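Visitor: Take a look at the letters that make up each chain.
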Amino acid sequence: MEYKSQKVAYPYFVIALFLFLLQVLFGLWLAINYFFTLPQGLVNVFPFATARAIHTNLLVLWMLLGFMGGTYFLLPDETKREIYSPGLAYFQLVLLVVTGVVALVGFVFGWTQGRPLLEIPRPLDFAVVIGALIFLFNVGMTMLKGKNWTVIQGTLLAGLIVLALLYLFGIPFYHNLSVDWYYWWWVIHLWVEGAWEMITAAIIAWILLKITGVPREVVEKWLYVELGLFLFTGIAGIGHHYYWLGAPKYWLYVGGIFSGLEPVPIILMLIDTFKHVKHRQLEIKNPLVWTYAVGCAVFHLLGAGVFGFVHTLPMINYYTHGSQVTAAHGHMAFFGAYALLNLTVFYYAIPKLKGIEFFKESLGRVGFWIMVIAMTGMGLAFGVAGVLQTYLERVMGLGYMTAQGEMRFWFKIVFSFGLIFLSGVIITIYDLLTLKPSVKREG
Amino acid sequence: MSKKAAFWIFISGTLVSLIILLALTFDFHQKVKALTHAENLSPQVLAGKWAWEKYNCNDCHTILGFGGYYGPDMTRAYWRIGESGIRYAVEKPEQAFANSFRKMPKKNLSPEEIDNLVAFLKWTSQIDTHDWPPQDRKFKLSSEAKRLVAGAGISVGAALFKDKGCFNCHALQGVGGTTGSSLDKIGSKLDKEAIARYIEDPSKVNPQAKMLKFDLSSEEIEALAKFLENQK
Ligand code: HEM
Ligand code: HEM
Ligand SMILES: [Fe+2]
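Going down the list, the protein sequences come from chains A and B. Remember, our numbering sits 347 above the position in the first sequence when you count from 1. Read in our numbering, the second sequence has 7 at position 26, and its numbers run on one by one without any break.
The hints are simulated quantities; they were obtained by calculation from the structure and are not laboratory data. Owing to the predicted nature of the structure, the values given are computational and were not obtained by experimental measurement. We treat Cβ as the ideally placed atom computed from N, Cα and C, and that holds for glycine. One or more of the hints may lead you astray.
[Unchecked claim] With a straight-line cut-off of 27 Å between C-alpha atoms, the simulated DSS-like cross-links for lysine-lysine are:
hint	chain 1	residue 1	chain 2	residue 2
1	B	Lys145	A	Lys492
2	B	Lys170	A	Lys596
3	B	Lys(-15)	A	Lys596
4	A	Lys427	B	Lys(-15)
5	A	Lys427	B	Lys(-16)
6	A	Lys596	B	Lys35
7	A	Lys596	B	Lys87
8	A	Lys557	B	Lys(-16)
9	B	Lys(-15)	A	Lys622
10	A	Lys494	B	Lys170
11	A	Lys557	B	Lys170
12	B	Lys88	B	Lys12
13	B	Lys194	B	Lys170
14	B	Lys(-16)	A	Lys625
15	A	Lys596	B	Lys194
16	A	Lys596	B	Lys143
17	A	Lys596	B	Lys(-16)
18	B	Lys(-15)	A	Lys625
19	A	Lys622	B	Lys(-16)
20	B	Lys(-15)	A	Lys492
[Stated by the list, open to error] Not the full set, but computed from the structure, chain A residues with beta-carbon under 8 Å of chain B:
hint	residue
21	Arg399
22	Tyr747
23	Glu753
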């Protein structure tokens, strides 16, 4: 670690990891709700809806904290100066974590905005906005003072600003349900298939630059091409959510065509990662970091590219929309693209923060493979449940609960893989928090 | 490729897509009023939307296909179970789902909130979703059929007769298939009830019947029978 202020990233990482663990525990509880009959009394006080709000908000919270920590870690290195204000960075963390905890506890007592993924009540949204503004200010000032502009910095800053601006579309009370969902997707879709992709592309580019030593010119050129394709396909690709919500029919064409192309930049990112790793000019110190980087690129393609593509065309989406097929994709994509990205950053940054040059990676490797295999199994089990649901309920016309009865078995499989996944998460968190130097280079 | 060319790919790709989204968003706001019957968005419907959000219904039930997948989609709940069904589920979930392996929480809504919710779900049931969700189509005349009626000024039954493929086997005024009998004079042979009974399940009326049982709602059968009764 060259710059002192990089250490503000550490508490971000630790809290993010803890929230990740909690998120997974609530996920397991949700799966139990799916196959096990709970007593009415328990359902009255702690319904599925509350647990789902907690599961998904924990997800968003830990990922955003991970991005922020990652940004604070990367920034001094890119701008060649200390963070503008480490104090603000800590303050902003406390503000966001307190807001998050109040929101999560509030859900249990029925304090909610009541819109999926955007359940945080409106008064707390203002605290979130203030936290985001402090973050952007701190990041922006560091870059301005650094006067050392790079494409990576520009992309990162633009991605973060767009992320914050889009959040605003989720705050109003919309009168018309169709308009409501129209703008809900400006938050959700334009985040995961727009702003977050920009942030990911910038962070991955930076990590590849650091671990492979490939010239910056080359990395940044690829970055531009990827960004162009991500945004070209992703922005109008939002149409894949507008097929059936009360919008004009031309969205079937716009959404189908643009979102059908969305896998292209993801494939490009994978090729580009492989290429940089192949043409590396530095010896790779900790192979686990690039296992994570390559794993992220591969799983990004699987979860978002493949599992996204299979239900994105309107003639298929007509039958799969809002079924467990969506849940299969949601899990695979979030895990592949963003959970693995954050973990890549953690595995790159934490050893540096602890002053460890080569770390022992046997345990971390076990954690990686358990998580990757278990999530693949879980995604496939959700997928089978989804195909069953699609066929029984939507094609054959059986009643909703009749179809769910036939799907019950597959939720037991989801739960079983979930337990395995949990063990991988515990191993990974333990490993990250207790990294030890290895005497000689491993791998 | 030079870095400059890459930069222009980035700028032009982003701008083209952004302009498409913004232009279509403008157009969406022009058309959404008609597509969702925004003229029916009464204060009661809005209050119903508040209640829907206040009790976090959406994290178990999808609506327009968005939300939690734990319970059935609510877009067409009003067609599927009607006002009384909605009231029963919300007021007495412990009874309504006594035998279900999944339960719905009892949230103690006020009578007024329940009225509002019903109004909201009635409003959502008439949003033009291009016939989504597929599983709920059978509970209502398809929007294609309704459009045909509005466009041609013909009866609902006539539209359905065409829409559901009856012409594949039966003829009217010499137009249509020959597998089934011509139905020009059917109204003078059978009354409406008899026609309806036959359409509902041909093999019940005549075990030798070659005609299949079609997937039709009772509303649709009624409309078809009414139309055929007048073919004398
Ligand atoms: C890393 C990127 C991505 C993430 C994290 C992600 C995540 C999600 C999530 C969580 C949902 C469900 C939202 C809800 O209704 O609650 C969703 C829906 C959807 N996603 Fe993605 N997605 C990503 C990329 C993609 C890509 C690249 C495609 C297409 C090629 C795609 C296609 C879809 C479609 C069609 C739906 C709607 C499913 C439905 O109709 O129910 N996604 N995505
Ligand atoms: C043990 C592991 C997990 C289990 C058993 C689990 C289970 C579930 C269940 C049952 C749902 C509710 C689906 C519904 O609405 O009916 C859900 C939602 C969701 N979970 Fe998980 N989850 C787990 C881990 C994760 C992880 C690691 C991520 C992300 C990296 C994640 C992301 C999501 C998302 C985005 C949704 C909303 C999906 C949608 O709207 O389509 N979950 N989860
Ligand atoms: Fe999307």
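Visitor: Are the Cα positions of B/Lys170 and A/Lys596 separated by 27 Å at most?
Guide: The given pair, whose Cα atoms are some 44 Å apart, is violated under the 27 Å limit.
Visitor: Within a Cα-Cα threshold of 27 Å, do A/Lys596 and B/Lys87 meet the stated pairing?
Guide: violated (39 Å)
Visitor: Straight-line Cα separation of A/Lys557 and B/Lys(-16) no greater than 27 Å?
Guide: holds (20 Å)
Visitor: Could you grab the alpha-carbon distance between A/Lys596 and B/Lys(-16) and see if it respects the 27 Å cut-off?
Guide: Status violated; Cα separation ~39 Å.
Visitor: Check whether the Cα positions of B/Lys194 and B/Lys170 lie no farther apart than 27 Å.
Guide: With a Cα-Cα distance of about 21 Å, the restraint between B/Lys194 and B/Lys170 holds, given a limit of 27 Å.
Visitor: Need the status of pair B/Lys(-16), A/Lys625: alpha-carbon distance at most 27 Å?
Guide: Holds, because 21 Å separates the two Cα atoms, which is no more than 27 Å.
Visitor: Less than 8 Å between beta-carbons is the criterion; does A/Arg399 satisfy it with respect to chain B?
Guide: Since chain B brings a Cβ to about 5 Å from A/Arg399, closer than 8 Å, the hint holds.
Visitor: Is it true that the CA of A/Lys596 sits at most 27 Å from the CA of B/Lys35?
Guide: Roughly 32 Å separates the two Cα atoms, so the pair is violated.
Visitor: What's the verdict on A/Lys557 and B/Lys170, does the C-alpha distance respect the 27 Å limit or exceed it?
Guide: Given pair A/Lys557, B/Lys170 is violated - Cα atoms ~87 Å apart, limit 27 Å.
Visitor: Within 27 Å, alpha carbon to alpha carbon, are B/Lys(-15) and A/Lys625?
Guide: The given pair, whose Cα atoms are some 25 Å apart, holds under the 27 Å limit.
Visitor: Given the hint that A/Lys427 pairs with B/Lys(-15), test it: the Cα-Cα distance must not exceed 27 Å.
Guide: Given pair A/Lys427, B/Lys(-15) holds - Cα atoms ~25 Å apart, limit 27 Å.
Visitor: Between B/Lys(-15) and A/Lys492, does the CA-CA distance stay at or below 27 Å?
Guide: holds (26 Å)
Hints 1, 2, 3, 6, 7, 10, 11, 12, 15, 17 and 23, counting from the list given before, are not met by this structure.
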